[in-house]
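Protein chains in written order, with this note's numbering: chain A, 31 to 370; chain B, 1419 to 1786; chain C, 448 to 859.
FYI, nobody ran anything at the bench for these hints, they're computed from the structure.
Hints may be right or wrong, so weigh each one.
To be verified - Computed list of lysine to aspartate or glutamate pairs in DMTMM-like fashion (alpha-carbon distance at most 20 Å, straight line):
{"hint": "1", "chain 1": "C", "residue 1": "K699", "chain 2": "B", "residue 2": "E1733"}
{"hint": "2", "chain 1": "C", "residue 1": "K809", "chain 2": "C", "residue 2": "D508"}
{"hint": "3", "chain 1": "C", "residue 1": "K678", "chain 2": "C", "residue 2": "E645"}
{"hint": "4", "chain 1": "C", "residue 1": "K700", "chain 2": "C", "residue 2": "E671"}
{"hint": "5", "chain 1": "C", "residue 1": "K809", "chain 2": "C", "residue 2": "D647"}
{"hint": "6", "chain 1": "C", "residue 1": "K731", "chain 2": "B", "residue 2": "D1476"}
{"hint": "7", "chain 1": "C", "residue 1": "K731", "chain 2": "B", "residue 2": "E1733"}
{"hint": "8", "chain 1": "C", "residue 1": "K549", "chain 2": "A", "residue 2": "D124"}
{"hint": "9", "chain 1": "C", "residue 1": "K678", "chain 2": "B", "residue 2": "E1733"}
{"hint": "10", "chain 1": "C", "residue 1": "K731", "chain 2": "B", "residue 2": "D1602"}
{"hint": "11", "chain 1": "C", "residue 1": "K700", "chain 2": "B", "residue 2": "E1733"}
{"hint": "12", "chain 1": "C", "residue 1": "K809", "chain 2": "C", "residue 2": "E822"}
{"hint": "13", "chain 1": "C", "residue 1": "K574", "chain 2": "C", "residue 2": "E753"}
{"hint": "14", "chain 1": "C", "residue 1": "K731", "chain 2": "C", "residue 2": "E753"}
{"hint": "15", "chain 1": "C", "residue 1": "K700", "chain 2": "C", "residue 2": "D541"}
{"hint": "16", "chain 1": "C", "residue 1": "K809", "chain 2": "C", "residue 2": "D541"}
So the chains spell out like this:
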Amino acid sequence: MSTLLRRGTPLTSTGIVLVLLVLSLVVGFVLTAVEGRNFLSSGNISALLTGISILGFIAIGQTLVILVGSLDLSVPYVVSLVSVLAAGTMAGEDGNVLPAVLLALAVAAAIGLVNGAIVAYLGVHGFIATLGTGLVISGYLATNYQGSHGSAPRSFRLVGATQVGPVPVSTLILLGCAVLVVLMLRRTRTGHHLYAVGGNREVARLSGIRTSVPVLVAHTLSSVLAALAGLLLLARLSVGSPTIGSQGDYDLMSIAAVVLGGTVLAGGKGNVVGTLAGVAIFSVLDNVMGVMGVSAFLQDVVRGLVIVVAVAVYARREIDRRPARFERPTGLDAALQEAK
Amino acid sequence: MTTSTQLLDRAGRAPLADHHRSLGGRAAAALATPGGAVYVLVLLLLVATIAANPNFGDPGVVIRFLGRTAPIAIAAIGQYYVIVSGEFDLSMGAVVAAQVVMAGNLIGQDDSRILPVMVLMLAVGVLIGVLNGLGTTLLGVPSFIVTLGMMLALGGLVDHLTGGAATGNPADTFREIGRGGIQDVPVVDVIPYPLLILLVLGALASWSMRRPFGRSLVAAGDNADAARVSGSSLWWLKTRAFIISSLSATVAGILLVGYAGVHPSVGQGYEFTAITAVVLGGVLLGGGRGWVLSAAAGAVALELLFVLLTALGVESTWRATVQGLIIIAAVAVAGRAWQRGRRPRRTSPSSRHLTHHQPTPGTTTGDN
Amino acid sequence: MRTPLRSRSLRGAVASVAALAVLAACSTDESIDDPAPQAGEESASETEESGGGEEWFVQADFDEQDEQRSATFEGDPEQPWLQYIDGEMTDTADYTSNKAQKVCFANASISNPWRQTGWITMNQQLKVLQDEGVISEMETRDAQDDDNTQIADIDYFISEGNCDVFVISPNSTAAMTPAVERACETGKPVIVFDRGVETDCYTTFIHPIGGYAWGIDTANFLVENLEEGDKVVALRILPGVDVLETRWGAAKKIFEENGIEAVDYFTGADPTKIKGIITDELTKGDVAGVWMDAGDGAVAAIEAFEDQGVDYPVMTGEDEMSFLRKWEETGLTGLAPVYSNFQWRTPLLAVQKIVAGEEVPKEWVLPQTPITEDERADFLEANEGMPDGHYAKFGGEDLPGYPQVWQERQIP
């Protein structure tokens, strides 16, 4: 591993994450085989991909928000809200599916806009702004929903249950959204501005970028993508649940996946492919621990360690490649030098 | 009541040493900063609470309230060090829970084990701080991730080792630290030990932020380059901040065992409460700005908010919504105050890469 | 909220709207997606439960559980985990087998002391049945309180688990229904316990009487011991969980009918929050009673009264040892409602009956009897040495490893 990283052309952080993913797949394959199971059976591949789908949507959105230098902690509540709103609107009728989906996306977009506006215009840090809106939504949910609510018609549930070979339809939708977001980031002016504002807001402003726009766009897309996750959960659960978002710890896990995927937490650098690889690594990890029968408590220990160690693998390299303003003498050598 | 005024005085005075305006003018200037505005917020909430429930005006009630706020205020002080240096500590809740369970399981009903176990708890606190600090500095992993990993790993480990359930509450002598107080005091009836501990730690914190350590820490949060030029070794500086943070969580844990007893859910969400308190106290996420005692005042404001919601009889399910709205509003107002306290420019205070590093007197010295 | 109006920013806005539109389109795909049945797996159920019943409280369920509180239970009262209310039975002749069974257990979580206690008991019961050659192994997946994870767990068992029997402790009722139906489609016995599902395809559904019964027992006790107009503080763990909402729904109704003023709070079972809430309520005025939807943290509530120097309330907790001990120590007027923890033994014993071809109750309703003050001493004595987070009616006294395994909380 280490020789691989040192030799040859320098790997980008995305490259390293992909190497980590391949490595985790190999380890997963071996450990699963030791348990007498087949890692590559269609059932297992489908389980792996399903594990990726939901966190995947949220993590793509989180990537955008982090790229622009903010955070989104409201995603679990957006997921829950969308799940109950859409389920209530569908009420088991095929004809209601389209209005329900549009309503869900519109509500989510509105929440995202509010988040973005609080960050961009009121000058509140994304951490606090979205923590706050999350609380606001959770109060609304607690007041109005005492348990599962509404129901999804069969046509809508098929989205969660249909597979093309071993690949769930939900994974294909995820990939579609990922491609669109990548195109947005690479090809549109807003995408470029998003990086610019996340990299250095002041410089971006001085170079004539209206800095609020990328912030609004990133937060809005993050909420909309969380809404897609909520809709997918609705398709899988068949009913809306006011707690489904909090159940999955999607706020912190999505941030972890984004950073694991090589996006710089301070903003301005990173990409969606890395994020998806990060989500995939989590999925493989959960899958293998499930097969091995690791106890629920120890699973958390392993997750915690893997997150830190995996990020550490490339974090030190990243330091050297950062522009001056990010530079931090956090390498061992620098530290020792200073200690003298 | 008395104590909150004390806090107010100290905070109001400290940053103004270099000023030459009148006392009133200086106080007003200080209150217009986010670090000062939080005291206004505390006062407003206190008045509102007393208006909603006159019983809360009783000095004895207020002092007990401050006593029970002490653990979260201490945690906020610890979190302040990490935040002002530009980092996060998300492991705080897990540290509190781990220490609470440790106290319950190791001390049991045996008074003679109190001291050794407390030493062990503090040692564990230091160890966690060191791990968080080195992970952030030497490994170069963002502190958000290091401490998130710590949160997961520590929580899982404690559950795994104890089977989830703690044996039971530790000896009453030990619990006195968090539950007892000096009895038969005139006017207030009782002075809770946690409040005394908070005052001592607050004074220590205030002192430490005037020392080179504190100044370098703020400088590091404001701009790592500047800190390096000034010759401080960044890794040790930040690691100390993490150690202080997890030690404060340890102290909070010791007080909470006394106050509420042992349960694995003690400390749940403490990291978010502490960070919110620090931000309410006008400290800038991303580092470099804010006063330590204002962070503690932010914790008091947050707890007062809960009391007010109870006094007003706000429906349980809506409490989170009201809380969220008030937090956003308070921080937004405080953000405006920063902007006014600084040179007039269009920079948003949430920007992490402010180009000027010269703190404006009276707003940013962090030496409180 | 200001909207950017200048032309420069307009382009950004247009770009973002375009991006939104594309995303919306990408989600519309989802809704119109009605593919040919190449589907590997899909929920075959056409059962549509009431589309969003605004009224959570179900009077029929309330009445049924109210009756069951005084029902006669079949079987040996010494083994309450095998008792049941007479009713429809499932014929299991088709499942008869001499082979040791592989059990696949999809568990909701072990994230609270009640589930941890039950999980320990279940594993000790498993050892007995393994020794008897009934069960070869039990593969467990823990969903960590997440519906989505549990659905994946069940699907994994179906496709990869090689299971002879499914045991499912659903994380939530409605959401787990399609997955349980898929498990039923395999033709293997499916045993559901604790929380239910909205289908009856299972072989047996094991549960104590239920949340309404809990609410009725506790609220009636408080009403009997309080005066009209007295105030009760209700401490609830968290909103949106059906099994907890029914407890509160029943209690709230009875409080309202009897003129008891009840205010409710969410505590997350955190004793710090509980103590703060009670203290604030005591500052506001007298509190005559405390009601809990689960006993976790009961001690902190009682200590809040001590620290304020006021009389103890009339209180209902749970059969958790911490509450029983504090209850005895303080001598307050109390009741320990029970959500029978011994039900964790029953699913594996049901496996034994099923493979032996014995019929089992379709809906296996276990006794759920609160512990009264008169019985308290017996339970305290029987569970001496157990940790505070242990549950008195855990029902594992005759299993191997008793009492050390429970005392040391050996989680497998």
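Structure versus earlier hints, numbers of those that do not hold, lowest first:
Failing hints, ascending: 3, 8, 10, 12, 13 and 15.
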